[in-house]
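There are 2 protein chains.
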Amino acid sequence: MAAANDQRVYRASSTAPVNIAVIKYWGKRDATLNLPTNSSLSVTLSQSSLRAYTTASCSAKYPPADGDSLTLNNKPHSIQGSPRTLACLADLRSLRQLIESSDPSLPKLSTYPLRIVSENNFPTAAGLASSAAGFAALVRAVADLYQLPQSASELSKIARKGSGSACRSLMGGYPLARDASSYSGGQWCHRKEVPSSECMQLTVATSTLFPSRAQSIVPERMTAIEKSIQERNFETFAEITMRDSNGFHATNLDTWPPTFYLNDTSRAAIRAVHDLNRAAGRSVCAYTFDAGPNAVIYYLEKDADCVLGAFKSILTSATEGWESANIKNTNSLEQSIDPRAAELLSKGVGRVFLTGVGGGPISKKEHLVSESGEILTTAA
Amino acid sequence: MAAANDQRVYRASSTAPVNIAVIKYWGKRDATLNLPTNSSLSVTLSQSSLRAYTTASCSAKYPPADGDSLTLNNKPHSIQGSPRTLACLADLRSLRQLIESSDPSLPKLSTYPLRIVSENNFPTAAGLASSAAGFAALVRAVADLYQLPQSASELSKIARKGSGSACRSLMGGYPLARDASSYSGGQWCHRKEVPSSECMQLTVATSTLFPSRAQSIVPERMTAIEKSIQERNFETFAEITMRDSNGFHATNLDTWPPTFYLNDTSRAAIRAVHDLNRAAGRSVCAYTFDAGPNAVIYYLEKDADCVLGAFKSILTSATEGWESANIKNTNSLEQSIDPRAAELLSKGVGRVFLTGVGGGPISKKEHLVSESGEILTTAA
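If you're matching them up, the sequences are chains X and D in order. For the first sequence, the positions run 227 to 606 when the numbering used here is used. For the second sequence, the positions run 227 to 606 when the numbering used here is used.
Since the hints were made in silico from the structure, they are not lab data. You can trust all of the hints, since none of them are fake.
Identical copies look the same in the list; a pair holds intra-copy or inter-copy alike.
Calculated lysine to any residue pairs in the SDA-like style (CA-CA distance at most 20 Å, straight line):
(1) 528 with 462
(2) 573 with 540
(3) 383 with 309
(4) 528 with 580
(5) 573 with 489
(6) 573 with 491
(7) 301 with 288
Kindly produce the complete structure, drawing on both the sequences and the hints.
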């Protein structure tokens with residue numbers, strides 16, 4: 227099949243999910259060994275609403291002078307300017323070479339230029355771990371293109387060279403990142419004012435409150451939240467999630483110079499969640515914020531009416547994303563939300579994403595590169 | 227002079243300053259013993275722009291059935307509903323009784339009802355330690371009325387029963403509050419959403435980051451900032467002040483449920499200060515925030531043009547308080563302020579107070595109670 231004048235365009239596509247840390251990871255305790263300061267736990271979101279979609283293609287007919295190329299959200303990106311992407315691709319090529327060496331009948335895909343096209347259907351650099359999803363989809367797509375036999379767990383070690391959180395986006399459910407063996411530091415988003423990777427190290431280096439977080443607070447929380455997930459105890463899960471988000475942002479504020487991710491709208495969301503839980507007499511919802519102002523709000527399916535009903539009633543009709551909501555009864559809990567918080571949320575929230583916990587990357591038959599190698603503008 | 231049918235109205239008036247903590251005190255480690263969790267250091271501001279003005283009066287002709295009365299900013303306040311005020315007045319009366327017992331020729335002022343009138347010329351409950359200034363002026367005025375011989379330091383022990391910070395408003399300059407012997411926990415402002423005294427104890431009880439702040443971080447900062455003041459090293463003073471403000475607000479965010487005092491405008495002020503200092507290549511200014519969103523910005527007189535010039539140029543002409551500023555040359559440092567921060571400040575800052583470090587309470591000859599005992603609406 228693989229002739230010397232092979233002109234075929236080889237393609238593979240994959241989507242990858244966003245994941246949201248509930249016990250936050252931040253920074254490396256040893257930059258050389260790439261050891262994180264603490265273990266972490268995240269929740270992988272369903273790809274029905276948020277996902278990175280990536281097609282990896284390669285062909286002997288792609289101009290060798292162009293080298294590997296990356297198109298992200300319809301814009302060309304320099305791979306040469308991204309050492310993290312280069313590192314991922316180099317590892318994947320090496321694994322492909324191993325297969326090619328052991329089976330000479332295989333096409334020498336490792337020698338062909340790569341043309342990679344990726345699209346996120348969510349805002350980049352907004353604290354939604356867009357680059358984590360992006361790197362996870364990239365690694366999964368290239369691994370499929372190269373028909374690599376490695377497991378998701380093995381591939382996660384490659385993906386974490388791209389983004390510390392990407393290894394988690396290669397897994398579904400509640401991926402656990404335990405110390406150095408699981409994953410290490412990385413960069414979440416490229417377009418935030420200060421890259422997360424820099425902020426992380428600044429916090430480790432300068433926050434006087436950070437050592438107690440890394441050394442004792444997070445390890446205790448990890449044990450407790452794992453137990454809460456095993457026991458399906460949402461009350462405990464909710465409290466630990468919210469406390470860890472607050473503690474994480476507290477150490478950012480304690481960084482020198484300080485880093486802020488939460489804004490007035492974020493704080494209004496925090497207030498609203500506490501108000502709702504107080505009114506309900508139990509935790510019906512829980513917030514967490516990654517390195518950005520967007521609130522991620524968890525609730526159990528059984529409380530969807532009560533939680534979504536309350537939030538929908540205080541947001542303006544201009545807020546997008548409610549189409550899929552089927553709210554039967556709001557329980558009037560929205561009355562318990564502080565009016566100033568409600569006003570800030572009404573002004574500040576432009577879009578909601580209603581989604582659930584989901585699985586890892588999904589292989590796709592529709593490609594962002596045509597059979598002849600042209601870049602397509604939208605996923606099928 | 228003191229007849230049995232004494233119908234005179236005795237009066238004494240005093241102003242007291244606002245003080246701003248630079249090493250923040252927050253909460254008691256022992257509520258019974260009233261021991262603060264850590265020492266603290268504050269700066270007393272000049273009374274030329276911000277002050278509490280209090281007249282204490284007493285008379286045998288005041289109706290005994292009315293008891294002691296307090297008028298604050300032209301509104302009657304219940305003294306019976308304020309155990310802290312009752313405690314201060316009881317102590318001062320006891321000291322007066324001691325003098326009266328030793329000198330029977332003195333009028334028995336301790337048996338007369340008190341009529342106290344107080345006015346703040348600054349926003350209450352806005353994190354400007356209004357009740358600290360109020361209690362300091364109250365204690366000073368009653369002590370003057372009773373002609374008590376006690377020193378400012380002795381009176382501060384009474385004032386701290388009213389407000390933990392009030393003992394500092396009885397002193398000028400850089401009052402130091404060392405452990406339990408100096409002062410203890412109190413309430414800053416009555417009209418903030420959550421009273422400071424409650425928030426303090428919530429932080430002590432629930433913040434996992436707080437113990438390291440109280441046990442090691444603040445003690446180290448206290449030593450370093452005292453040295454910086456002695457050595458007139460503004461660079462060090464500035465960094466410690468800003469770091470302690472951030473660390474203090476970080477532990478509030480880490481409280482369960484979380485407490486927020488900083489808003490988007492506060493954060494814009496923080497950003498602006500860092501931008502200015504970076505552009506200047508040294509610390510020309512430093513921010514600190516007490517339990518409220520208002521920025522207190524310190525600068526040396528020699529840098530007034532540069533700092534005030536930059537802030538004035540980004541604020542709207544509607545911002546009040548610039549009348550006394552005489553800015554010669556702005557040095558164009560305002561160009562270095564992030565445009566979004568400048569916009570937030572322009573929208574969010576309604577008033578500036580230009581002031582300096584100042585002294586303790588000042589006795590006044592003009593009273594808020596007339597010779598015949600009527601409450602006057604404004605200070606002369």
